[in-house]
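Student: Sequence:
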Amino acid sequence: MAAAPSNLHPDIESLAFLVGTWHGEGMGEYPTIDAFGYGEEISFDHVGDAYLVYTQRSWLLDDGSPVHLERGFLRPGARGGLELTLAHPLGLTEICEGTLEGTALELSTVDGGVGHTSSGMAVTGLRRRYRVDGPTLAYEIDMATETTPMTRHLAAVLRREP
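Last residue of the sequence shown? That's 167 in the working numbering, and every number before it is there in order.
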């Protein structure tokens, strides 16, 4: 595991194992689309305050075209929990709360936790599970829409950049 950054805020020391940039590949699926392989980069950066800055970008493996990106913040929540706030270019905002057990995070959207623009995608809920094991970060993301119940959407394995 990489050494914890020296200027990490004390309130987020338990998240030090996430700090850095991770690269890898995953598979996307959903009942309404064809399955696809994608490459991905996720970064958890610190700025000395009580949160981590989260950035994500992904691209199709077959032609390198962009698939998705997310930007947001991971921070301590009430009663030892976690909070994740994200903005998506699909006309969505996402507010999740969850737990941290060792190096595993589980986060789900809260009631009213998905905001939409007038043309935003019809997502109604998300559930995220991340687990770090040494230099590897694995995750699964489930998604619900107005017409599809909570269903696996993404799964990937990424490795920490040196």
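The hints are simulated quantities; they were obtained by calculation from the structure and are not laboratory data. Glycine included, each C-beta is placed from N, C-alpha and C at the ideal position. There's no promise every hint is true.
Simulated restraints, written as ranges between beta carbons of each label pair [to be verified]:
| hint | residue 1 | residue 2 | range |
| --- | --- | --- | --- |
| 1 | Glu46 | Asp138 | 17 to 25 Å |
| 2 | Val115 | Tyr35 | 16 to 24 Å |
| 3 | Thr153 | Ser70 | 29 to 37 Å |
| 4 | Met126 | Arg84 | 27 to 35 Å |
| 5 | Arg134 | Arg84 | 17 to 25 Å |
| 6 | Ala83 | Pro36 | 31 to 39 Å |
| 7 | Val72 | Thr156 | 17 to 25 Å |
| 8 | Asp50 | Pro154 | 18 to 26 Å |
| 9 | Thr37 | Arg84 | 18 to 26 Å |
| 10 | Met32 | Gly139 | 18 to 26 Å |
| 11 | Ser70 | Glu18 | 34 to 42 Å |
Student: Now tell me, hint by hint, if it's right for this structure.
Tutor: Hints, one by one, checked against the model:
1. Hint check: Glu46 to Asp138, Cβ distance near 19 Å, so the stated range 17 to 25 Å holds.
2. Evaluation of the 16 to 24 Å hint for Val115 and Tyr35 yields a pass: the beta carbon distance comes to about 22 Å.
3. Thr153 and Ser70 have their C-beta atoms about 24 Å apart, which leaves the hinted 29 to 37 Å range violated.
4. For the pair Met126 and Arg84, the beta carbons lie near 31 Å from each other, so the given range of 27 to 35 Å is met.
5. Taken as a hint, the range 17 to 25 Å holds for the pair Arg134 and Arg84, whose Cβ atoms sit roughly 20 Å apart.
6. Between Ala83 and Pro36 the beta carbons are some 35 Å apart, a value that agrees with the proposed interval 31 to 39 Å.
7. In this structure, Val72 and Thr156 meet the distance hint of 17 to 25 Å, their C-beta atoms being roughly 18 Å apart.
8. One distance hint, 18 to 26 Å for the beta-carbon pair Asp50 and Pro154, is violated here, with the actual separation near 34 Å.
9. Taking the beta carbon of each, Thr37 and Arg84 are about 37 Å apart, not inside 18 to 26 Å as hinted.
10. At about 22 Å, the CB distance of Met32 to Gly139 agrees with the hint of 18 to 26 Å.
11. Take Ser70 and Glu18: their Cβ atoms lie about 39 Å apart, and the range 34 to 42 Å holds.
Of the numbered hints given earlier, the model fails hints 3, 8 and 9; all others are met.
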